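Chains as they are written, first to last, in this note's numbering: chain E, 1 to 561; chain P, 562 to 723.
Simulated from the structure, these hints should not be mistaken for laboratory data.
Everything numeric in this text was worked out from a predicted model, so none of it was measured.
Accuracy of the hints is not assured; some may be wrong.
Stated by the list, open to error - A few chain P positions that, by computed beta-carbon distances, are all more than 12 Å from chain E:
(1) Val607
(2) Ser615
(3) Leu628
(4) Val634
(5) Thr650
(6) Pro704
(7) Met705
As the list claims (entries may be wrong) - Partial list, derived from the structure: chain P residues whose beta carbon lies under 10 Å from chain E:
(8) Pro577
(9) Gly589
(10) Glu622
(11) Asn629
(12) Val632
(13) Ile635
All C-beta atoms, glycine included, are put in the ideal place defined by N, C-alpha and C.
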Amino acid sequence: MKLTGAQILMEVLKEEKVDAIFGIIGGAVIDIFDELAKTDIRHINVKHEQAAVHAADGYARAKKTVGVCLVTSGPGATNTVTGIASAYMDSIPLVILTGQVPTGLIGNDAFQEVDIVGITRPCTKHNYLVKSIGDLARVVKEAFYIARSGRPGPVLVDLPKDIIQARASYQPLPSPSLKSYKPTYRPNKKQLVKALKLIQEAKKPLIFAGGGVVLSDASAELAKLAKMLNAPVTASLMGLGAFPGTDKLWLGMPGMHGTYRANMSIGACDLLIGVGVRFDDRVTGKIDTFAPHAKIIHIDIDPTSIRKNIMVTVPIVADCKAALAELNRLIDAEGITVDLESNKRWLSQIEEWKNTVPLAYQQKDIIKPQYVIETLYELTEGKAIISTEVGQNQMWAAQYYHFNRPNAFLTSGGLGCMGFGFPAAIGAQVARAQELVIDIAGDGSIQMNIQELATAVQYKLPVKIIILNNQYLGMVRQWQELFYEKRYAATDIQDGPDFIKLAEAYGGVGLRATRPEEVVPVLKEGLSEPTLAIMEFLVDREECVYPMVPAGAPITEMLLV
Amino acid sequence: MAEQRHTISLLVDNQPGVLSRIAGMFSGRGFNIESLCVAATVDPLVSRITLVTSGDALIIEQINKQLNKLVNVIKVQDLTGTSFVERETALIRVTARPAHKAEILRLVDIFKCKVVDVNTTTYIIEATGTGEKLDALLKLLKPMGIKEIARTGPSALARNKK
């Protein structure tokens, strides 16, 4: 029996065990949605295609699977670009299915035609235009395979309407094998031996974990390495949760808004073990002063990450989990132990830094945003899944919510995409229905995808939104305060909407705290709501995120207050 | 670090869009393409691209890695520093005044080129060789009056086929 293109697509989605799709219908994809409605796959009908991609991104992270979007041609496709770029920077596995005009019209500037394959080439791991129904199943299978393997990332498949309507016989295909695409998973033995030698010689080792540890599910191996070496651990924004945020070896995040002790440790360590990191400029600050005394071991699955930003002593191209497991085994087998005396000195030095400049704020008459996050952490016992928008809200969340497990902190790290957090929280709530999912937002960024309130209410997704309302685009205002002589051009966003009424208009609950003593009651009430709830906190308007390393400065030179 | 010129040979899927992926990677990352030469191999599903680029050692390393990362790129071979043959073809339309004709034909002979088109006022010369050889020829032809030129950019193959 012959199947239509749409039916073949459904067969492949079922084989790939897709159980939720985020998207919006349109003319070019009516046939696909028509078939989708006949399957058990859940469709989350978002209100804007950008949110579809962020939601699929949140879903992918929370469920450790490939997130899937389905949108129409033209504007439906172009609206996905920001979401795709964010997922690409953060290495999140997604398959984005876009409708396209019939093949005969491609190139004719047809209605709702856009060259989405051309547009997304630089921000996808790979992409396809399906030109024949005979290629359809293979291409979609390859898309899933490429998205999830190696360094994960988004893959877009453009589906012309005539291909979707054509008929062909269908046989399930075996797993794809691409001669030009073979990720390296196993670490090179010689490189491991070199790494082992550096570990043996190190007196002040420091482990620096990144998103790769989360993606490769290597937290247990990372913890074991840290314990064996009794080495302190720091993690990039994308790596938060890869190592327990309450462990005594935990230093907090490094970089532009990193903790004093994390940055000072990087400045002083004699061995830096980077695992699943790409040494982003927000972490390194001025490159030639980064880890000046350290030999560097760099483990990453993507060869292009290595020696892109910093020189390393021992590169290891491999899956983080495989490399760490093998490294741990060798340390064990070779009986490598830490020199107790130097280890003690190193850790007490770090303790001293911790006490010199702890993360701190003073809660007086006006609500401090840090107090809201710290209270949220205490009330949820650190067990919530937290997504964030981008800016001050994101940095305070990273500093004051201590993540003890991976896949529980969802943030747009690389692209820094405002409007990410709320749809990502929706996706995470779809993936993990029983868990508490909270978006930590600012009053600026929440408005970048606020239309999704309708989606959360429609699907009874009890996402919680914390709005730290300072009536500014706060992070940029902070830069203006510090580096532009307080000229607050375009950052003052007073007279914003009434978020409480907005929540209610969409059918959710809205609560507001204006004084410090209202923070706990509002959080308690809001978190216990069975529905979507916005908790708005009118916070100190001109609070800054500290420490701060000015862009381009060495990370050991921090503005502290 | 010193800039170096590198000749890179690529085997890629012979599909629409592949050249755009490669060119886009170069422009998006601020790398430089000096020349590009593309044609199918004996296997019609595979094309060979010979690409000349320049950069310091770290840039060249990134270029090689980034090329390898592209899903449609089957093989990346950085020929510079290895033993390889590099050839380029140029078609040169040169003004053929009666007083110059003999000199032009002598140069064609010395450089082992061919005259492939003749009319009353111009010749088209087909020249093949290394870039340096073509540059030398052009320098000598210039006083006669070069009207038009089409160069292919170098194409290359490694010598020691293992």
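Hints broken by the structure, by number, lowest first?
-> 1, 3, 4
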